[in-house]
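S.K.: As a plain string of letters, each chain reads:
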Amino acid sequence: MSHLLEIKNLSVNFPSRRGQVAAVNQVSISVEKGEVLGLVGESGAGKSTVGNSVINLLEPPGYISGGEIIFDGIRIDQKSNEDMRKIRGAKIGTIFQDPQTSLNPLMTIGKQLSETLIETLKISGSSAREKSIELLESVGIPDPVERLNAYPHQFSGGMRQRVVIALALAGDPDLIIADEPTTALDVSIQKQILDLIKSLCKARNLGVIIVTHDIGVIAEIADRVAVMYNGQLVEQGTVKQVLQKPKHDYTKSLISAVPSGDQKLHRFTVVDYIDGSEEKVTLENVSDHWLSKNKSSETHKTAISVKDLSIEFSIRQALFRKNRIFLKAVDNVSLQIQTGESFGLVGESGSGKSTLARLIAGLYQPKSGEIDIFGHDVLQRNQKAKTSLIRRKMQMIFQDPYSSLNSRMTVEDIISEPIRFHRSTLNSNETSKVVNDLISFVGMPMTALKKYPHEFSGGQRQRISIARALASRPEILICDEPTSALDVSVQANILNLLKDLQEELSLTMLFISHDLPVIRQMCDRVAVMQNGKICEIAKTDTLFDDPQHEYSKHLLGLMPRMDLFRL
Amino acid sequence: MSETNKSSSRWQRFLDNDIVYSFFTTPGAIIAASITFIAITAAFAAPIIAPYNPFDPAQISLWDGKLPPAWADGGSPAYLLGTDNQGRDMLSTILYGGRISILVGIAAVFLGMLLGVTLGVISGYFGGLTDTIIMRIADVQLTIPGILVAILINGIGRAALPLELREEFAIYVVIVAIGLTDWPQFARVARGATLVEAEKEYVQAAKLIGLPKFTIILRHILPNTLRPVLVIATIGLALAIIAEATLSFLGQGIPPTTPSLGTLIRVGNEFLFSGLWWITFFPAIALIILVFSVNLLGDWMRDALNPKLR
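Chains as they are written, first to last, in this note's numbering: chain A, 1 to 567; chain B, 1 to 310.
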């Protein structure tokens, strides 16, 4: 029996100034009609490159250096661009990651759809219009007749991704390649989109390749899965087989690194297959160390107390106040975080959780409300000196490790800046000793100090960020999605590090994440946020076992299905 | 031993740099940089390499005036590119004139950059009313053609000076005039880059450390805005050299006693119809080659420094 798509011993090379880089090395996979194949791997594993070589959209200077791609019995890897262009439209549909950029913002949805239809199916304008309506209906867009005249920006992210799917279906293809189709979307929309892809696959008897880094997505949708690591295919099989009885070490560690939502573990399972993480040095007598010498003499039971906090951002400027439109990003929020507690803040994008964190950190000024840090009102205008002293006890770890370090400074300068600025050491010798301690404390080699941020990976940069935050000797650490830009295997290492630090230095932690399993492992108490309001505050275990608010229940229902992962 | 090791590894690291690599693999960039380098060196070494000193009356003889280039009929091998109406050697005057043109260009760009980047970064970082006022002034200035602004400032500058100082200070007046014309470009670029950088998380981290605004601007934002500014500065250098030449050509710039390339072209222009083409032709060619190579260099720099275009 011939396969719908068969890839035999595919190799893709990227020539660079330092020699050939094999992005894909001898990969063989196949897809049948009516089947979803998941292609999973971490960043740099070469999974997207496989997808791109099938549709002949490899980014130059990459080229196919070996192997065959056979689609529907025809070898397509040596076809000319013009021939491939026809196949791409009519036989193979593509769904890209970001629905913001894969639609033309200046054309209506209807125009974009009928343009594709006329080109690929060679039909007239009026029948193209009918077909467009049909397509929009099939991907679940309400009022398709009206929506034909809408522009992409008038759709939400999830709806836009549906339109992209409709576009991919336009040529009535046999194969769909979806490259991280849900990465840019919220969890609740992710599930809808995955369900849609799966049902279309079954209804139209399509072959689907889903490229993703998220094992949860695979568990949700795929029939078979292929695992890639470092350009090589390490394992493939049915989802059940691979997720429950992984054979290869890499697959095992990848699966164990996914934090579990149904039980609380003391530590995250560290992926030991991926090398490069240094052992974290535990300082002896932390209480005697420089890091612990700045503790407030007076201890307050409540570290952060927020009362009726609100902030608005103006969406539309106007001369008269009544014409202005404001968005209430944080709306009358009250919460209290006890000293030494690890407090989680969970919600989908746009729920105002990052804004709340920045308000507490003092990066934004609230419109109304009170913020007390260790019993001191940081919003009052007198006593500025005391306020800035108190504020210094709060430091933040940011989401994007690529923009959170100044690329023009060495790591040593970055970490020592707060120490030097606050003159918190006696002399430069002590400063460099403290910096050395800090860098090994976060599990980085001493040689890192002389380098610049661009020489490090995302996870290593996040460690440097943590060291910089510690250099101010904080008592409160605000972590704003510290691992959402990282691979799962690196995520486990960083979360363990944060957990250890919190225990050793008895820090108060405000931990923000959209990822419920991570929150479960990291936090003592959790607040669930939606549209700038707090829905529910509860002990972590209570929330996970018995959510009270409708929205919390909804969020918990969207967690990846762990039953597939563990026996 | 360890010392040589260290320096070789530093050299190695320099060659490893992506921008350096891009330079050595772009023929256009190498040619443009070589021509620019030769032109600048030749201009600054003019007192050493020029065959004559056009400012020394003892070396000028009116008898040798208006001689054509050496290879033309009636040319003298003593004057390779001929002589002008006063008997000055063209090659020497071009070298000396080029020196003044380049000096004025660099100084004017530097002034414009200093002013523009300062105002642009302040404007971008503080926003609000400060931003509105600074950028509206820049907008208004940009609505008037640059050369008119330069002529205006130049005129005011000259009028303000006492008569006997005008010749002597003409060059500084031109520098200030071109510098004040240039700044809005720099301000816009610096403001844009600042807006981008100020949103980045490392700036927020610096705020949380408690660093004062001034330190954040100077240590964190400014170094990260310099790349686009550097590109504008290179292209700006070519424009400033042209602006100076235009001013001098119109008789508003550098006086004929210490001629720049523009002044030479103007002087030559008067003799163009009497067939003495070389007096205006060679300075013009020198100006074109100089501006063209500086422009090419700026073009390459924009490509190499912009990660989006690579």
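To be clear, the hints were calculated from the coordinates, so they are not data collected in a lab. Check before you lean on any hint, since a few could be wrong.
[Unchecked claim] With a straight-line cut-off of 27 Å between C-alpha atoms, the simulated DSS-like cross-links for lysine-lysine are:
(1) A:K367 / B:K213
(2) B:K66 / A:K386
(3) A:K328 / B:K66
(4) B:K200 / A:K384
(5) B:K66 / A:K384
(6) A:K451 / B:K207
(7) B:K66 / A:K307
(8) B:K200 / A:K450
(9) B:K200 / A:K328
(10) A:K393 / B:K66
(11) B:K66 / A:K451
(12) B:K66 / A:K367
(13) A:K499 / B:K207
(14) A:K450 / B:K207
S.K.: Are the hints correct? Go through all of them and say.
M.R.: Now for the hints, and whether the structure bears them out:
1. A:K367 / B:K213: Holds, because 23 Å separates the two Cα atoms, which is no more than 27 Å.
2. B:K66 / A:K386: The given pair, whose Cα atoms are some 80 Å apart, is violated under the 27 Å limit.
3. A:K328 / B:K66: Cα-Cα ~80 Å, so violated.
4. B:K200 / A:K384: holds (26 Å)
5. B:K66 / A:K384: Violated, at about 77 Å.
6. A:K451 / B:K207: holds (23 Å)
7. B:K66 / A:K307: violated (89 Å)
8. B:K200 / A:K450: holds (23 Å)
9. B:K200 / A:K328: holds (23 Å)
10. A:K393 / B:K66: violated (80 Å)
11. B:K66 / A:K451: This hinted pair is violated, its Cα atoms lying about 63 Å apart.
12. B:K66 / A:K367: Measuring from Cα to Cα gives roughly 79 Å; hence the hint is violated.
13. A:K499 / B:K207: holds (25 Å)
14. A:K450 / B:K207: holds (24 Å)
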